Structures are given as structure tokens and as C-alpha cells.
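Residue numbers (this note's numbering), protein chains in the order written: chain A, 1 to 60; chain B, 1 to 223.
Incorrect hints may appear among the rest.
With a straight-line Cα cutoff of 27 Å, these simulated DSS-like cross-link-like pairs (lysine-lysine) come out [claimed, not checked]:
| no. | chain 1 | residue 1 | chain 2 | residue 2 |
| --- | --- | --- | --- | --- |
| 1 | A | Lys-25 | A | Lys-40 |
| 2 | B | Lys-131 | A | Lys-33 |
| 3 | B | Lys-20 | B | Lys-131 |
| 4 | B | Lys-20 | A | Lys-6 |
Derived list of chain A stretches under chain B, where covered just means 3 residues or more per stretch with a C-beta under 8 Å from a C-beta of chain B [claimed, not checked]:
| no. | region |
| --- | --- |
| 5 | 1-12 |
| 6 | 16-22 |
| 7 | 30-38 |
| 8 | 45-52 |
DEER-style ranges, computed between Cβ atoms [stated by the list, open to error]:
| no. | chain 1 | residue 1 | chain 2 | residue 2 | range |
| --- | --- | --- | --- | --- | --- |
| 9 | B | Val-170 | A | Ser-37 | 23 to 29 Å |
| 10 | A | Leu-46 | B | Ala-154 | 23 to 29 Å |
| 11 | A | Met-15 | B | Ala-17 | 43 to 49 Å |
| 12 | B | Met-158 | A | Met-15 | 34 to 40 Å |
| 13 | B | Tyr-26 | A | Met-59 | 25 to 31 Å |
| 14 | B | Ala-101 | A | Met-59 | 18 to 24 Å |
| 15 | B | Asn-193 | A | Lys-40 | 15 to 21 Å |
| 16 | B | Lys-131 | A | Ile-28 | 23 to 29 Å |
| 17 | B | Leu-100 | A | Ser-37 | 26 to 32 Å |
Think of the hints as simulated: they come from the structure by calculation, not from any bench. Model, not experiment: these values are computed from the prediction. C-beta atoms are modelled at their ideal positions from N, C-alpha and C, and glycine is treated no differently.
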Amino acid sequence: MEMWMKIMYAVLLGMMVLFLWPRAKHMIANTPKATGSDWKAVLIPLLGVVLFVMLLISMV
Amino acid sequence: MYQNERVISHSSESALATNKVLRNTYALLSVTLLFSAVMAGVSMAMNMGFMANLVAFGGSIVLLWFVLPRTANSAAGIAVVFGITGLLGFGLGPILNTYLAMSNGGQVIMTALGGTGVIFLALSAYALTTKRDFSFLGGMLMVGFIVVLLAAVANIFMNIPALSLTISAVVILLMSGFILFDTSRIINGGETNYILATVSLYLSIYNIFVHLLHLLGALGGDD
């Protein structure tokens, strides 16, 4: 990829960071606290995703 | 007695509204995914270069950040959603053509497509059946996404393959989290605008597909 294209991609991604930053700050301030069972309820399906992706990699 | 009836009536109205948002979201999502695939096909047939990817990416960001927030509550919002998904689909064309040039490219693309579908359906079904509130994930997912974006910017210039693969793996996990988060917001009434809900879910699916494609292309056996 040419350097100017790299710079353009970097500018676009940088713009995304700038736009997302205020929203991220708001979400961090207003996110409710999670309990142990809440985290378990997230980690189980995410572990399933990890295992599934590993299965897909072994298939191709 | 009258108060109980009002509570029951209010909760059934709220459930109906939630079902309506959910139904409209999935209907619009399926049509936009199809439209995106058609646009990717057009871009592939036209043999577009990576410049098309850059322009489509930039155009979709402009629509996403500047136009969608102003139109999300009107019918024009639907046209904007088609604009975003069409541009992102069109931008996929050069990437898909690059993979098709690999000996097992067709298999990699179809596996990534099927894998993305399975991940989305499984996570949506999980969020819908458990009806859990995943709103506590919001802050963590946003911070994770910003960190990944910064790492991606750095890797554009550093070009480290291991970092690139790590970014893809983390993006798949983050987008899986976003699917749980967005679906639970619809179910629990946190998101009542089906246009915004569709765009959020579409972006998660799009990112999972692109990064799964990257992982399968790099780690799968290329003979």
C-alpha cells in the first residue's frame, strides 16, 4: 500500500477515535456495576466464540 | 385492582413496543446485509482497486457520524442506512478479490461468511433467551474498541503481522460483546430506534466478517 493511502487510513481511524472518545467517556461514567454472575454470563458465550473461531481456522 | 390492570396493560404495551423494534431491526438488517452483498458483488465484478475501499470507508464514516444522527428519527434514516451498508459492501469488493486470488480463497470467504452468520445467530439467540441486561459491558467495550483503533493506526505504519492478527482476534471478541450489548439494549428498552439498532448490529457483523476473513486467510492452510 502506498504511503499516502496509509496516511489516509490512519486519518480516518484517528477521526473515529476522536468521535468515539466523548461517547466512551459518557458510557464509562454511566455503566452499571456488574456482578460475578453477569461476567460469567458474558464469558461463557465469548469462550464459545473463541473455540468456534479456532475450529474454523483448523477447517480451512 | 384498577392499578394492577394498568401495570399489566403498561407492561404488555412495552413488550409489544420491544417486539416491534426487534422485528423491524432484524427485517432492516437482513435487507441491508443482502444489499451490502450485492454491492460487494458489483465492486468485485468491476475489479475495483483499494482506492475504492478507502473512499467507501471514508464515505460511510461521514454518513455514520454526520448524516445518520440527523435522520435517524425519520424515513430518510432508512436511505442513509442503505447508503452506509452499500458503501461498506462496495468497499469489501477489492478485499474479497484479493482473497479469491488465493488458492483456497473461495473456501476462506465462504467459511468466514458462514462463521459470521453462526456467531451472530448464536449470540443473538443467547441474548434473546436469557433476557439478561448486558448494559454493564458498554464502557469496557467502548474503551476496548478505542484501544484497538489506536493499535490499528500504529500498525498501519509498523506493519507487524502478529499485531495485525491480535487486533483481528480482539475485534471479533469486542464485536461479539457488542452483539450481546446491542441485543440486550433492544430487549430491555434501552434502544427504541430500529434504524440505529440496525446500524449497530450491521457494523458488528461487518467487522466480525472482515476480521474472521483476515484470521482464516492468515492462519488457515494456504497450499
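Right, here's what the structure says about each hint:
1. Of the pairs offered as hints, the one joining A/Lys-25 and A/Lys-40 holds, with about 25 Å between alpha carbons and a cut-off of 27 Å not exceeded.
2. Between B/Lys-131 and A/Lys-33 the CA atoms are separated by roughly 18 Å; this keeps the pair inside 27 Å, and the hint holds.
3. At roughly 16 Å between alpha-carbon atoms, B/Lys-20 and B/Lys-131 fall within 27 Å of each other, so this suggested pair holds.
4. For the hint linking B/Lys-20 to A/Lys-6, the alpha-carbon distance of about 43 Å lies beyond 27 Å, and the restraint is violated.
5. Counting residues of the region 1-12 of chain A whose beta-carbon sits less than 8 Å from any beta-carbon of chain B gives 7, enough to reach three: the coverage restraint holds.
6. Three residues within the 8 Å Cβ limit are the bar, and the region 16-22 of chain A against chain B gives 5, so the coverage statement holds.
7. Check on the region 30-38 of chain A: 6 of its residues sit with their Cβ under 8 Å from a Cβ of chain B, so the three-residue criterion for coverage holds.
8. Taking a C-beta to C-beta cut-off of 8 Å, the region 45-52 of chain A contributes 6 residues in contact with chain B, enough for the three needed, and the coverage statement holds.
9. Restraint check, B/Val-170 to A/Ser-37: a C-beta distance of roughly 25 Å satisfies the suggested window 23 to 29 Å.
10. Between A/Leu-46 and B/Ala-154 the beta carbons are some 25 Å apart, a value that agrees with the proposed interval 23 to 29 Å.
11. Between A/Met-15 and B/Ala-17 the Cβ separation comes to about 35 Å, which falls outside the hinted range of 43 to 49 Å.
12. In this structure, B/Met-158 and A/Met-15 break the distance hint of 34 to 40 Å, their C-beta atoms being roughly 20 Å apart.
13. A hinted range of 25 to 31 Å for the beta carbons of B/Tyr-26 and A/Met-59 is consistent with their spacing of about 28 Å.
14. Between B/Ala-101 and A/Met-59 the beta carbons are some 21 Å apart, a value that agrees with the proposed interval 18 to 24 Å.
15. Separated by about 31 Å at the C-beta atoms, B/Asn-193 and A/Lys-40 break the suggested range of 15 to 21 Å.
16. About 25 Å separates the C-beta atoms of B/Lys-131 and A/Ile-28, a value consistent with the hinted range of 23 to 29 Å.
17. B/Leu-100 and A/Ser-37 have their C-beta atoms about 45 Å apart, which leaves the hinted 26 to 32 Å range violated.
In this structure, the earlier hints numbered 4, 11, 12, 15, 17 are contradicted, and the remaining ones agree with it.
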